[in-house]
Every structure is written in C-alpha cells, then in structure tokens.
Amino acid sequence: VDNGTRMRAIDDFKVEAVRLEIIDGSDDTIEEGAAVLDSNGVDWIYTATVANPFLPGTKLIVSASDIPGNITKQEFVI
Numbered sequence: 001v002d003n004g005t006r007m008r009a010i011d012d013f014k015v016e017a018v019r020l021e022i023i024d025g026s027d028d029t030i031e032e033g034a035a036v037l038d039s040n041g042v043d044w045i046y047t048a049t050v051a052n053p054f055l056p057g058t059k060l061i062v063s064a065s066d067i068p069g070n071i072t073k074q075e076f077v078i
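The letter at position 12 of the sequence shown is residue 12 when you use our numbering, and the numbering goes up by one with no holes.
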C-alpha cells in the first residue's frame, strides 16, 4: 500500500497500541509490526515494507491494546 494501511481503533479506555500482521495465502507471515497513531488521534497507520505479489487470500490481523492491557484482534481477508 503506497501510503500505508489505515485502521481505526476506538475503545472506552485509550487505545495504547495497534499491531498488524500480514499473512499470505499459504499462511506464511510476510511481515508484522506496530502501527503509528495518526495526527487525528484515532486512526493508526501501518506502512508495509515487504512486497506481496499474491494479494488474494492475504490475511491482515489487527491487534489493538488499551491502557488496562486488554487486547482485541480482528482478521480481514483480502
């Protein structure tokens, strides 16, 4: 993605961190890392650094953690 993958994470407590894992259609991890909070204070941006030539079947697993340490994960398939 040219200018990053944008994610919105909202919680009744403050969202402290967002991580993204990119897994290809063969279930191999392409890359993972921390997203950066956007200047709007709500959106998180992750910029991929590894090319993925086979997008169909790719999974994006987003993990958001809040101040008390609760972690919520959501998976998206492209």
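Hints were generated in silico from the structure; no laboratory data involved. One or more of the hints may lead you astray.
Said to hold, decoys possible - Derived Cβ-Cβ restraints for the label pairs, each shown as a range:
(1) 6 / 50: 15 to 21 angstroms
(2) 51 / 71: 27 to 33 angstroms
(3) 33 / 78: 26 to 32 angstroms
(4) 33 / 77: 16 to 22 angstroms
(5) 66 / 33: 31 to 37 angstroms
(6) 49 / 73: 19 to 25 angstroms
To be verified - Below, in silico cross-link-like pairs of lysine-lysine (DSS-like), each with a Cα-Cα straight-line distance of 30 angstroms or less:
(7) 14 / 73
(8) 73 / 59
(9) 59 / 14
Glycine included, every Cβ here is placed at the ideal spot set by N, Cα and C.
We went through each hint and held it up to the structure:
1. 6 / 50: 15 to 21 angstroms: At 18 angstroms between Cβs, range holds.
2. 51 / 71: 27 to 33 angstroms: This hint holds: roughly 29 angstroms between Cβ atoms.
3. 33 / 78: 26 to 32 angstroms: 18 angstroms Cβ-Cβ, so the 26 to 32 angstroms window is violated.
4. 33 / 77: 16 to 22 angstroms: holds (20 angstroms)
5. 66 / 33: 31 to 37 angstroms: violated (19 angstroms)
6. 49 / 73: 19 to 25 angstroms: Because 22 angstroms falls inside the window, the suggested range holds.
7. 14 / 73: Roughly 16 angstroms separates the two Cα atoms, so the pair holds.
8. 73 / 59: holds (12 angstroms)
9. 59 / 14: holds (26 angstroms)
The structure fails hints 3, 5 (numbered hints given earlier, in ascending order).
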